[in-house]
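Chemist: With the hints as your guide, set chain B onto chain A.
Number of protein chains: 2
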Amino acid sequence: MKKTALIMAGGKGERFWPRSRVNLPKQFLSLTDDGKTMIQLTVERISPLVDIKDVYIATNENYRELVKEQLPGLPEENILCEPVGRNTAPCIGLGAVHVASKYEDGVMIVLPSDHLIKNNDIFKDTFVKACEVAESGSNLVTVGITPNYPETGYGYIKYNKDACNNGSYSVEKFVEKPDLETAKSYLADGTYLWNSGMFVWKVSTILNCFKEFMNSTYNGLLKIKDSIGTDDYQKVLNEEFPNLESQSVDYGIMEKASDIYTLAGNFGWDDVGSWLAVGRIKANDSEGNVINGNVVAVNTKDCIIEGAEKLIATVGLRDIIVVDTKDATLISTKENAGEIKKVLAQLREDGNTQYL
Amino acid sequence: MKKTALIMAGGKGERFWPRSRVNLPKQFLSLTDDGKTMIQLTVERISPLVDIKDVYIATNENYRELVKEQLPGLPEENILCEPVGRNTAPCIGLGAVHVASKYEDGVMIVLPSDHLIKNNDIFKDTFVKACEVAESGSNLVTVGITPNYPETGYGYIKYNKDACNNGSYSVEKFVEKPDLETAKSYLADGTYLWNSGMFVWKVSTILNCFKEFMNSTYNGLLKIKDSIGTDDYQKVLNEEFPNLESQSVDYGIMEKASDIYTLAGNFGWDDVGSWLAVGRIKANDSEGNVINGNVVAVNTKDCIIEGAEKLIATVGLRDIIVVDTKDATLISTKENAGEIKKVLAQLREDGNTQYL
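If you read the protein sequences in the order shown, they are chains A and B.
Here the first sequence is numbered in the working numbering, starting from 1 and rising by one per residue.
Here the second sequence is numbered in the working numbering, starting from 357 and rising by one per residue.
Don't read these hints as lab results, they were simulated from the structure.
Some hints here could point you the wrong way.
[Unchecked claim] Derived contacts from chain B toward chain A, CB cut-off under 10 angstroms, selection only: (1) Pro374; (2) Val378; (3) Ala653; (4) Arg674; (5) Glu691.
Ideal Cβ placement from N, Cα and C applies to all residues, glycine included.
So here's chain A without its partners, still in its complex pose (with noise of 0.2 angstroms):
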């Protein structure tokens, strides 16, 4: 059956001030020493499984130009812009009616834009079985990230052990984000999963549970279908997307649906949530710092720096973020780095929106 992917490129991103911008989110960025863009990467990954033509974007209209320029080799129509943001089932939804105006059928792959694989083999590995997974009846499948301590900032996946099928396992329940002593008892029961938004089933499986569980978005998405490749889509689009229940995936029809199975994902998952994940992507050096740019630092350890043109000189600090960009500098503890979005607030309270 055919492969096709659906990347979500529509997120925001403000943790990545001020190297990420309104108009140039985090997806856009690149955090890695190879240059490449998240987006870029997360495409990149995915090749092996699925070809460039069988790959959708959604976005939204600011960042189609920054799509095309990053992704030369995409189709243009697989660009998928939103005309207002509706959460991700009805991103969903839009993905699965234009693989399924295209093929009678498919795979259909679901994936962050921005996040960050270390193992692409294992992805690759991962991927492949989780197709045959969703292939191989209506089964939903999300990948899970096998938790390596007691998160609280992510959903889990708790899955029975007993019920294996080709190395995938049957999901008891989807829960919440936990408090501390709760998301301890999952990491030591070892039957839970992080669950990071990555999903895969066939276009006609998801299409079901469209209709059976968001069955007025269910209708709305038939209508988009039934414009793709005329020239009313861009109307029938505005009319109808605003309209789609404003829903999450996982609580609009993971949570209710039945026959969902899950995999592990071993394959050095990050989720790239604020400036601190530099500090595990990027090569430190022996001071344990990821230094980048015009810098030159004195007495300082464990600090992230990343420079642009102007000279940034640094002494004594420790655990200190600091992000350079042509009209703005950020200088942030580590510990603090969650408050940045207090500086995007003040900006807007302040009227300087030319900083956002």
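Modeler: Chain B alone, transformed into the frame defined by chain A:
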């Protein structure tokens, strides 16, 4: 007797990098909220005692234009440019022969150009008294600073509290920078002052001291004196000045002379030795920060942030100094501010002299 002033403004002041540069040392920077530069404040402070036409600025050719720009009322011939730096004794000698060529005798007040004084009235009153003591005989007068903590970075003046002359005390000796225990004993003793490099004497007195204690320098100074006002001045200066003994006035004259008196300066003196001084000098906000320029500070306490045009956003910082300029940004802990010179050493080593 005519009062004159020699303001020494040849220093390089690396410790205020990146605001200070080779071509813009500390004395030409504004480090106070009023926007006036240190040398402007120095001239303003002495103006109740000395007419601007009797103020001499000792500097070098690199800074001649800066002096002209910042002190437009100063006669151009009062800018004394040393061909090479030869420490304070020849510098003071050069000032002395300029005054001596203009007036038969006069009182000469010698001041650094890069210290700050909180209370100008007390400063004036102190120097009025110092002038009286200097005029009353062949006295060398130094204005010391009453210490309020055991500083190990300054030299000290030991005076005899029983030998009082119009509010001034006879100096017993000058002592080098002490270790901490010694500094504590000086503080406890109560008859030690910080040596701040501020002097008052008659021109005839100091020239007699040169004659007695630095005779070859004295002879060179006389040759320069004879050329003042002639077409040969620059030629003679260039020939003679480099041959003068490179010596501090403290070691070359003060430690050898008798009839030395000191007055205790209690006018809120600050030698503005590093960026830390800005935290003492400028207004602090409720979080203990000094913040200027284009800055958004989130959860930031006890920091000094001197922004410029580019937006500086800080998150979670404590006791950090940030100084932004057009081409370089310094980020240093307060604790390690003394290591800024290592940045300059690194820049020199790398050949990045454009930042010096």
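Chemist: Which hints from the list above does the structure break, by number from lowest to highest?
Modeler: 2
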